[in-house]
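We have chain A already, so just place chains B and C on it with the hints.
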Amino acid sequence: MPARTHRRTWLFASLAALALAAVSAAASAQTAPPPTHKVVLQVSDNDAQKWNLALNNARNLQDDLGAEATELEIVVYGPGIGMLKSDSPVAKRIADALKAGVQVVACENTMRNQKLTRADMLAGIAYVPAGVVELMKKQQQGYAYIRP
Amino acid sequence: MPARTHRRTWLFASLAALALAAVSAAASAQTAPPPTHKVVLQVSDNDAQKWNLALNNARNLQDDLGAEATELEIVVYGPGIGMLKSDSPVAKRIADALKAGVQVVACENTMRNQKLTRADMLAGIAYVPAGVVELMKKQQQGYAYIRP
Amino acid sequence: MPARTHRRTWLFASLAALALAAVSAAASAQTAPPPTHKVVLQVSDNDAQKWNLALNNARNLQDDLGAEATELEIVVYGPGIGMLKSDSPVAKRIADALKAGVQVVACENTMRNQKLTRADMLAGIAYVPAGVVELMKKQQQGYAYIRP
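Residue numbers (the numbering used here), protein chains in the order written: chain A, 12 to 159; chain B, 12 to 159; chain C, 12 to 159.
Next up, chain A with everything else stripped away, as it sits in the complex (with noise of 0.2 Å):
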């Protein structure tokens, strides 16, 4: 075999080489796990004991998988609005989850069905238009759906 179709024939394997690891590369970062777990908790029951159940969930999934490598959000609306109230019985646990860096969210359009302004919210809670829009939108971004 002369030296040139030896060297051709060395090019050829390096850039099929080369177009495969890129195959690769491509395939393994649509794979790779998420860096951090995600899960939106649903409220939306007026009742005080799935409201403790919501906030023993996040608490629970901060202790198990760390705070910082999870990122959770409770989004409150319809019924469920009353949690989120300035005389809410849970107030203080959604301080204590606000501090811990759980993102708690009132829908908008529940507040204006029940005539309800931030003045009457709790402090330091966010606010979204549509609830269940945002429960849509953090599944669509890989976010695990949970109802407790």
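Any given hint could be a false lead.
Repeated chains share a single entry, so a pair holds when one copy, or any two copies, can fit it.
Calculated cross-link-like contacts (lysine-lysine; reagent style DSS-like; alpha-carbon spacing at most 27 Å) [what the hints assert, rightly or not]: (1) K49 / K126; (2) K110 / K148; (3) K103 / K126.
In case anyone wonders, no lab produced these hints; they're calculated from the structure.
Only chains B and C this time, still in chain A's reference frame:
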């Protein structure tokens, strides 16, 4: 460098670019956002407040995201089946949801257990052999799952 | 065109075809349907009707999809834990579900809070440190989530 080598180098470069473009196209086709928002809503409680909440959720999703951009399905089964019977207290709202393009399906397993036939049900709804299988399939197809 | 150029063109074409085949194989491996249907069912209510509904759901999934093709897990936690205690009203049905290949797991966080030990629980069930973490992990592994 002789012309032949130049031509060969140019060919290698072109082929490498082609291969990388193909890899990149395949990768972006897989990670591109879906053309529509897809949500499946579950109703399995014998509770008219839950039925209204599910219908509010469907309307809010359409209002926020646009009815054309949203594929919505409400799966009704088990103790929730009364939502879709002819004498349902939310019959008028179901008709409105169907007109707005929401898919509403009843579980035939549940109907058989409760001795219901299609003659007992609201007009315009669809049927699936098993509500729970439908909920699984929709999630496999990329639908977000919401249980009001 | 000299023979050498012909051969080189043929080699380029083969290599391009190989690269595209590799891309295509990688792409289809990622989008192929999973070999089994995977569903995780949540039980977190203290309500025997919900327990029966979850067990009906599991049976319907197996009947429709085939027990071999279906990986089913029922995660029981919080106020639902009574479903898996020795005196459970659905003890017989749990035994049947286990025999049919359904995985049934109890949350050890909940058991600790309610001063329950494994001696208080039904035979044959499995245990997880935290039910809510299990629900998240299963979804990360591609399980559909259903909360009856």
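Now for the hints, and whether the structure bears them out:
1. Taking the shortest Cα distances, K49 and K126 never come within 27 Å of each other, neither inside one copy (32 Å) nor across copies (30 Å).
2. Within a single copy, K110 and K148 get their C-alpha atoms as close as 24 Å, and across copies as close as 25 Å, so both meet the 27 Å cut-off.
3. Taking the shortest Cα distances, K103 and K126 sit within 27 Å of each other both inside one copy (24 Å) and across copies (26 Å).
Hint check: a violation occurs at hint 1 only; the rest are consistent with the structure.
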